[in-house]
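**Student:** For reference, the chains in residue letters:
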Amino acid sequence: MDFPLSFWDISLWLAVTAIILLITSELISPYYGKTNLLVNKKRLRDVALTVATLFLITVAIKVATIIISQ
Amino acid sequence: MITRIKPTTLATVTMLLLGTISLIAAISYDSLILAFIGLGLAFWGAILLYIRPEEYTRKALLEAALSPSLTTLNQMIQELGYKGDTTYLPPKYFKNPETTKLYISKYKNGTLPTPEQTQLYEDQHITRTTQGMLLTPPGIQLAELLEKSLGKSFTRTDLKNLQQNLPKLFMENLEIAENLELQAENDTTQNKEDHQASPAQTKNTTIHAKITRPIYGTTLKEAEEPSQTAAPIGCPVCSAIAIAITKATGKPVRITETKSSEDINTVEASYEIIEE
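Protein chains in written order, with this note's numbering: chain D, 1 to 70; chain V, 71 to 346.
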């Protein structure tokens with residue numbers, strides 16, 4: 001009854017999600033004039049940055065584990 | 071009372087629910103595919119729920135509700151025969167440090183009232199005297215909203231700071247317009263301390279604002295219609311910019327000109343900062 005996803009799987013999933021969110025956030029930014037889309041752009045950007053940061057943290061943990069294990 | 075559930079809310083809640091069920095199933099059956107599906111559905115459901123826009127009103131409704139008020143205000147000023155300059159007075163004219171009011175002098179080239187005179191009528195929305203008329207500007211609420219988004223009062227900024235922050239507020243925070251450019255004529259965009267340090271500089275500064283694709287398009291056009299006053303009051307957007315400038319500089323500001331393109335895609339307004 002364990003959770004089937006490993007730490008590396010979660011990291012990969014975070015990477016893919018972060019890329020999608022960051023690109024979406026950039027494309028619908030008001031600076032490009034796409035103001036017709038009715039979503040809270042500030043919140044979307046915050047989520048994108050949070051997910052990207054989480055991915056980077058997983059990478060940092062992985063790197064730290066490799067260094068410590070050597 | 072029957073509450074109508076919006077389709078978007080229904081979709082996001084369904085995604086969340088399916089995602090959770092899928093995650094539970096993934097743990098039960100030890101399935102990697104179900105785990106990815108569950109994680110994706112639950113995550114995107116939560117995201118869509120979180121990034122939902124705030125309550126919005128159709129642009130046409132907003133303009134239809136606003137236009138009559140502005141037209142009435144313009145007509146009222148015309149009927150009362152105020153033909154002088156329209157000046158936005160800074161907070162130093164009032165007891166409350168956040169108050170800004172619009173002053174329309176009775177005759178052209180009329181003088182501005184003294185702070186002692188304006189403080190007498192500070193709490194009234196519209197005040198008529200023999201010299202002029204004092205009223206609440208049409209963009210006061212919008213200016214307050216801009217201050218709320220900025221996180222501080224415009225009185226705590228200077229002109230240079232305003233030139234940097236106002237476009238961001240217009241485009242990113244409140245999405246009032248697609249672009250806003252603020253340009254000061256001459257190199258007089260110094261802060262208040264600099265102005266105080268050089269009293270010899272008495273030349274009036276002019277600020278040119280170029281707004282691209284603003285909301286209140288129709289209202290902007292109506293606000294431009296010729297009136298008897300020497301300077302226009304301005305639409306709520308132009309008025310809010312005038313309030314921001316008068317608060318930031320601490321000096322009276324006059325909208326000298328508003329001009330919009332035929333398709334109302336660009337609106338240009340000129341503001342004159344009056345040196346006392």
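Hints are not guaranteed to be accurate.
Stated by the list, open to error - Covered stretches of chain V, going by a simulated chain D footprint (3 or more residues, C-beta under 8 Å):
no., region
1, 93-99
2, 123-137
3, 153-162
4, 206-217
To be verified - Taking lysine-lysine pairs in the BS3-like style, the calculated list, with each CA pair at most 27 Å apart, reads:
no., chain 1, residue 1, chain 2, residue 2
5, V, Lys280, V, Lys222
6, D, Lys42, V, Lys176
7, D, Lys42, V, Lys129
Stated by the list, open to error - Beta-carbon label-pair distances, calculated as ranges:
no., chain 1, residue 1, chain 2, residue 2, range
8, V, Ala135, D, Leu38, 16 to 26 Å
9, D, Ile66, V, Lys280, 53 to 63 Å
10, D, Val59, V, Lys280, 13 to 23 Å
11, V, Glu255, D, Leu56, 56 to 66 Å
12, D, Ile57, V, Ser98, 23 to 33 Å
13, D, Ile19, V, Glu327, 44 to 54 Å
14, D, Ile66, V, Leu102, 21 to 31 Å
15, V, Tyr120, D, Ile66, 41 to 51 Å
16, V, Thr127, D, Phe3, 41 to 51 Å
17, V, Arg226, D, Tyr31, 25 to 35 Å
18, D, Leu49, V, Pro138, 36 to 46 Å
19, D, Ile61, V, Thr206, 54 to 64 Å
20, V, Gln189, D, Ile19, 30 to 40 Å
Hint data in this document are derived by calculation from the structure and do not stem from the laboratory.
Note that this is a predicted model, so its numbers are computed, not measured.
Glycine is no exception: its CB is placed at the ideal position from the N, C-alpha and C atoms.
**Student:** Against each hint, give a clear statement of whether it holds in the structure.
**Tutor:** Hints versus structure:
Requiring three or more residues with a Cβ within less than 8 Å of a Cβ of chain D, the coverage given for the region 93-99 of chain V holds, as 3 such residues are present. Here the region 123-137 of chain V counts 3 residues with a CB under 8 Å from a CB of chain D, which clears the bar of 3, and the coverage holds. With a cut-off of 8 Å between beta carbons, the region 153-162 of chain V has 0 residues touching chain D; three or more are needed, and the interface restraint is violated. With 0 residues having a Cβ less than 8 Å from any Cβ of chain D, the region 206-217 of chain V misses the three-residue criterion, and the hint is violated.
Distance check on the hinted pair: lysine 280/V and lysine 222/V sit about 24 Å apart at the alpha-carbon level, within 27 Å; holds. Restraint check for lysine 42/D and lysine 176/V: not satisfied, since their Cα atoms lie roughly 46 Å apart, outside the 27 Å limit. The hinted pair formed by lysine 42/D and lysine 129/V meets the criterion: a straight-line CA distance of about 21 Å does not exceed 27 Å. Against the hinted window of 16 to 26 Å, the Cβ-Cβ separation of alanine 135/V and leucine 38/D comes to about 20 Å, which satisfies the hint.
Separated by about 54 Å at the C-beta atoms, isoleucine 66/D and lysine 280/V satisfy the suggested range of 53 to 63 Å. At about 44 Å, the beta-carbon gap between valine 59/D and lysine 280/V misses the expected band of 13 to 23 Å. The hint said 56 to 66 Å for the Cβ distance between glutamate 255/V and leucine 56/D, and at roughly 46 Å that hint is violated. Between isoleucine 57/D and serine 98/V the Cβ separation comes to about 29 Å, which falls inside the hinted range of 23 to 33 Å.
At roughly 47 Å, the beta-carbon separation of isoleucine 19/D and glutamate 327/V lies within the given 44 to 54 Å, and the hint holds. Range check, isoleucine 66/D to leucine 102/V: about 24 Å between beta-carbon atoms, so the 21 to 31 Å window is met. Checked against the hint of 41 to 51 Å, the C-beta distance between tyrosine 120/V and isoleucine 66/D comes to roughly 34 Å, which is inconsistent with it. Separation of threonine 127/V from phenylalanine 3/D is about 45 Å and conforms to the stated range, judged on CB atoms against 41 to 51 Å.
For arginine 226/V and tyrosine 31/D, the Cβ-Cβ distance of about 26 Å falls inside the hinted range of 25 to 35 Å, so the restraint holds. At about 44 Å, the CB distance of leucine 49/D to proline 138/V agrees with the hint of 36 to 46 Å. Distance hint for isoleucine 61/D and threonine 206/V: a CB-CB separation of about 57 Å, consistent with the stated range 54 to 64 Å. Take glutamine 189/V and isoleucine 19/D: their Cβ atoms lie about 59 Å apart, and the range 30 to 40 Å is violated.
Going through the hint list in order, the structure does not satisfy hints 3, 4, 6, 10, 11, 15, 20.
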